[in-house]
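Participant: Let chain A serve as the given structure and place chain U on it in line with the hints.
For the record, the sequence lines run as chains A and U. Be aware that the first sequence starts at 2, since it is given in the numbering used here, and climbs by one per residue. Be aware that the second sequence starts at 2, since it is given in the numbering used here, and climbs by one per residue.
No lab work stands behind these hints: they were computed from the structure. There may be inaccurate statements among the hints.
Because identical chains share one entry, a pair is satisfied inside a single copy or across any pair of copies.
[What the hints assert, rightly or not] 20 Å max Cα-Cα, derived SDA-like pairs, lysine to any residue:
1. K471 to S482
2. K507 to V19
3. K47 to G251
4. K282 to Q84
5. K480 to A587
6. K146 to P509
7. K224 to G323
8. K492 to V326
9. K507 to V330
10. K47 to K285
11. K285 to G323
12. K47 to A245
13. K285 to E166
14. K224 to V326
15. K507 to R324
16. K224 to P332
17. K282 to E143
18. K507 to V326
19. K224 to P335
Protein chains: 2
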Amino acid sequence: MTTYTPPARDMAFLLNEVLEAPGADIPGYEEMSPDFTAAVLEEAGKLARDVLAPLNRTGDREGCRLEDGAVHTPTGFRAAFEQMRQGGWTGLDCDPEYGGQGMPYLLGTAVGEMWVSSNMAFNMYQGLTHAAYSTIRAHGSEQQKATYLPKMVSCEWTGTMNLTEPHCGTDLGLLRTKAEPQGDGTYRITGTKIFISAGDNDLAENVIHLVLARIAGAPAGTKGISLFIVPKYLIDEDGSVGAANGVSVGALEEKMGIHGSATCVMNFDGAVGTLLGEENKGLKAMFTMMNEARIGVGLQGYALAEAAYQAARAYAQERLQGRAVTGPVNPDGPADPLIVHPDVRRALMDQKSFVEGARALTFWGAQLIDRASRTGDQEAHGLISLLTPVIKGFQTDKGFESCVQAQQIFGGHGYIEEHPMSQYVRDARITMIYEGANGVQALDLVGRKLAADGGKPMMGFFERVKGFIKAHEDDPALKESLLDPLKSASKDLQAAVMFFMENGMKNPNAALAGSTDFLHLFGHVALGYMWARMGAAASAALASGTTDAAFYETKLATARYYAARQLPATRMHLARILSGADPVMALAPEDF
Amino acid sequence: MTTYTPPARDMAFLLNEVLEAPGADIPGYEEMSPDFTAAVLEEAGKLARDVLAPLNRTGDREGCRLEDGAVHTPTGFRAAFEQMRQGGWTGLDCDPEYGGQGMPYLLGTAVGEMWVSSNMAFNMYQGLTHAAYSTIRAHGSEQQKATYLPKMVSCEWTGTMNLTEPHCGTDLGLLRTKAEPQGDGTYRITGTKIFISAGDNDLAENVIHLVLARIAGAPAGTKGISLFIVPKYLIDEDGSVGAANGVSVGALEEKMGIHGSATCVMNFDGAVGTLLGEENKGLKAMFTMMNEARIGVGLQGYALAEAAYQAARAYAQERLQGRAVTGPVNPDGPADPLIVHPDVRRALMDQKSFVEGARALTFWGAQLIDRASRTGDQEAHGLISLLTPVIKGFQTDKGFESCVQAQQIFGGHGYIEEHPMSQYVRDARITMIYEGANGVQALDLVGRKLAADGGKPMMGFFERVKGFIKAHEDDPALKESLLDPLKSASKDLQAAVMFFMENGMKNPNAALAGSTDFLHLFGHVALGYMWARMGAAASAALASGTTDAAFYETKLATARYYAARQLPATRMHLARILSGADPVMALAPEDF
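Excised from the complex, chain A in its bound form:
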């Protein structure tokens, strides 16, 4: 069995030394003392390591079953879910008005990483509930909030998001699910939705579906889509669970991975729902949910890579195979451990530098969300909007790659299901697809976010990077090995932005042909920036005479690895972008 070790030390470094959460001027952060957050992370880490991680394989092997129309989750999920609820974990960063603990989203993110690393499929039931909670809280009436939120904060009821239909995923303007007004303020919803994660389960007493549908007579396309709350069981006047609604599970999908998560075909057959937010403004309301979910998926990208990295590291340290080219390091044994081989070391450094960089970016993103939502800071809001597709797209592309690298270290043993590596790869694969496939993230970034608010957020990002470099360039521990490569990478990103500005209007294909490369170019600069910030924090700790020098030296070495071995990718992405639309669009569709 694989052991999951919660990365509590690394998280503390980010929270206290890089993001300086304890002293941040954000309401609620006054609770984020190092001792408090350490205690929370330690408790969460125990649950993740001792309860969730051992169920990860069970979830993969057993999967979910559909019997008599009801979904049964894998053995042990119910008890673990109950334990999570009892510990109050499901409402950690939820509004105290509805029973939550009101902690910052940043702390919820740190804890959430542990849930995902230890058991991603299991965590989806509460993850989707949280996203549905946020949507109802943002757009619901007082009555809707009072009815649903307390039960969702406690996860007595779970939530879902119902967007996709058989003929439309990305292009929601095509959706056909209908909503007929009943004259009493309710609607009858009819249609079929597919790929509905946690669409049904035996963990909660009710499932609250958020459903996109078209009200009879609404305009065509995306302008005629409304959002509805459709519970699996109707809610009685006293708030208790009542009769079954017209909602049923048509089928469970058989998937490549995340077998512990029930992916359902949902049939709505005149099911009773209430409008959430305004008529025909459903897509906008759903985006509340989508944006939160996208950050969550970006987190999944590196959290799975962390778990896979931990397994690969242990294997490389233990498995004896071959001899170090510079002479045996284990002369009394039959061979040296795999980790002596430079190419194995490279693969581990790739994983480690990605995971820790992505964790830093995600935590910073969470802090920006806290700042935006708790202080109304528009700059923070603009910046996290810009970064959301990067966090989702780049981190899941690279997270999958990282899991594949971890699997590779196991050789043939990585390919058989006896070891956990195949599952990590199969599970990670979905993160590149759901909540907007990564091509859609790239389109969102280049087609929408880049020019949003007159380009202010993008310029703000460049200014932060520039300001950071300027503020630290006198530190010889950082200058050549971290800041110069970051400056060069950032210039590549600026050149790409210039190219889009100059060509995008007259030839939109020129920008869109480079969208995925731009997403990756941005991702590398963002991680390079986070590594520079971590390097600066490590350098400061070393200068102040820390007793934990090895930790900070390791941080600096990993930062330098990222700068030396990952940042050179920016020039390649820029070259591809500058080649424009012609190479990409040269063939007619029928010539492929």
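Facilitator: Same frame as chain A, but now just chain U:
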């Protein structure tokens, strides 16, 4: 169901116009007239499309079963195997002395691609038989050849290679399987082997295992390893199948993919075997098998990507989702096909330009093998030795990536097992691992092949590229768009070689830390070179007034795509290589 379309037109272009096989001065090539090869490929294509492809999903869903110690292959495999044998396909490029048809390896490679694209797991039974045939033919006694080869050419008996043991894969020096001489020229083999592909099956009446073992009293390490022929059933004096030998299947591995291929734990319990080749020279003999198998796995890399690309292309042409940014192309439909979107087009071009480039490199490699084996040409021998790890490592890394890209085009539909995309990705994953994991290929390339024969093969490669550029630089259709980028990429490769030469001796880690990057850098230059050759052939055809201009224009456009969008990777790989060992080796093993 997915339809597989044999790429006969593309293969004919390579055989006739790029490699100029019909006129090549290699014995046996006089049979390679365009009409003859077209007829062979058409017949093979029918079998692949109509018989093998429909069984691909069956193989994945059913997998193999172990019952009462015998492996049962999936439904339909037996009949298809019989059809393949009856058609004489299994001995296509085998020695006529043993019942083969004596065709060039090049033709066998083209046909083999079709088997793999249509059903890779199925093809492993005959693929391993072919590799075992080659090893016995190269190292066997006259009696061994007479006993085994005719039955293996016809695939009445299948073959295997038994290398890996539970505690050793790459490091074969650790192997423990014992061989006790019986004094009558035979040995008793005892030990356990794992990950044995096609270790048992119900397709053939006997299974001929080639087994690495250590003769009692042999030196430790790799110098004490011998190779044995160990049949599942002993062979009677009259050549017929006799009593069971001490060979049994301990278990069937449950794997991420290639479910139709039986991956066995093999137990040898005093099984009778005969020595193949010389005592203690087993590893060298096994390398005959390994080198052939490595080219075969490199072929699997792009052949699976071809199948996945065909599916993705069809989906992108049919699935309606969103509108072209430059205005609707399907205004009467609800949406435009996916292929209008530049990012989808980019993903398809990545796949197409990789698959066709890798096919060209593999076919060229096969021609070099024919030249080396049929004329004794030492230059060809040196070059294909150098290229083997590139073909295996680069093409399987990129082939897997390409399958992932194809899966991505399907969105959520690509993640469910109802569509074939998950299987392509799961199947492709093994190609990066078996026959020497890709890290081992990179080590072989940098640590052995690069300096082999005083570096002559590497210098020979550079001279070919240089000579080709010089010969064609007056063609304006090629100069700027193909030859200049190739020249620049080739210079990056030369710079990497220089760096290794200057640093490798005093600090071997400096070379090995860059080995995987070097493999990829080389792979891109090799594909860039093949694309330049294809571009030149296309340009010549257009200049001569072909009636099939669209085909050649498409070739040129795809060549230019590779040059513009893939070759920029060489600079990134070079930068990583030049950063040397320090970033990679900075951490102590315990600091990971």
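Participant: Now look at each hint and say whether the structure bears it out.
Facilitator: Results for each hint:
1. Taking the shortest Cα distances, K471 and S482 sit within 20 Å of each other inside one copy (15 Å), while across copies they are farther apart (40 Å).
2. Taking the shortest alpha-carbon separations for K507 and V19, neither the intra-copy value of 42 Å nor the inter-copy value of 39 Å comes in at or below 20 Å.
3. In this assembly of identical chains, K47 and G251 lie within 20 Å of each other by CA distance neither inside one copy nor across copies; the values are 37 Å within and 39 Å between.
4. For the homomeric pair K282 and Q84, neither the shortest alpha-carbon distance inside one copy (38 Å) nor that between copies (61 Å) is at most 20 Å.
5. Within a single copy, K480 and A587 get their C-alpha atoms only as close as 43 Å, which misses the 20 Å cut-off; across copies the closest is 18 Å, which meets it.
6. Taking identical chains as interchangeable, the C-alpha atoms of K146 and P509 are never at most 20 Å apart, the minima being 43 Å within one chain and 65 Å between chains.
7. Proximity of K224 to G323 under the C-alpha cut-off of 20 Å is restricted to the inter-copy arrangement: shortest distance 15 Å between copies versus 63 Å within a copy.
8. Within a single copy, K492 and V326 get their C-alpha atoms no closer than 39 Å, and across copies no closer than 28 Å, so neither meets the 20 Å cut-off.
9. In this assembly of identical chains, the alpha carbons of K507 and V330 lie at most 20 Å apart only when taken from different copies (19 Å versus 61 Å within one copy).
10. Taking CA atoms no more than 20 Å apart as the test, K47 paired with K285 passes in neither setting, with 38 Å inside one copy and 52 Å between copies.
11. With identical chains, the CA atoms of K285 and G323 are at most 20 Å apart between copies only, with a shortest distance of 18 Å across copies and 57 Å within one.
12. When the C-alpha separation of K47 and A245 is checked against a cutoff of 20 Å, the pair qualifies neither within a copy, at 38 Å, nor between copies, at 54 Å.
13. Taking the closest pair of Cα atoms, K285 and E166 come within 20 Å of each other only inside a single copy of the chain (18 Å); across copies the shortest separation is 58 Å, beyond that limit.
14. Taking the closest pair of Cα atoms, K224 and V326 come within 20 Å of each other only across two copies (18 Å); inside a single copy the shortest separation is 65 Å, beyond that limit.
15. For the identical chains of this complex, K507 and R324 are inter-copy neighbours only, at 18 Å across copies versus 59 Å inside a copy, given an alpha-carbon limit of 20 Å.
16. Only between protomers do K224 and P332 lie at most 20 Å apart by alpha-carbon distance; the minimum there is 19 Å, versus 71 Å within a single protomer.
17. When the C-alpha separation of K282 and E143 is checked against a cutoff of 20 Å, the pair qualifies only within one copy, where the shortest distance is 18 Å, while the shortest distance between copies is 82 Å.
18. In this assembly of identical chains, K507 and V326 lie within 20 Å of each other by CA distance solely across copies; the values are 12 Å between and 56 Å within a copy.
19. Taking the shortest Cα distances, K224 and P335 sit within 20 Å of each other only across copies (15 Å), while inside one copy they are farther apart (69 Å).
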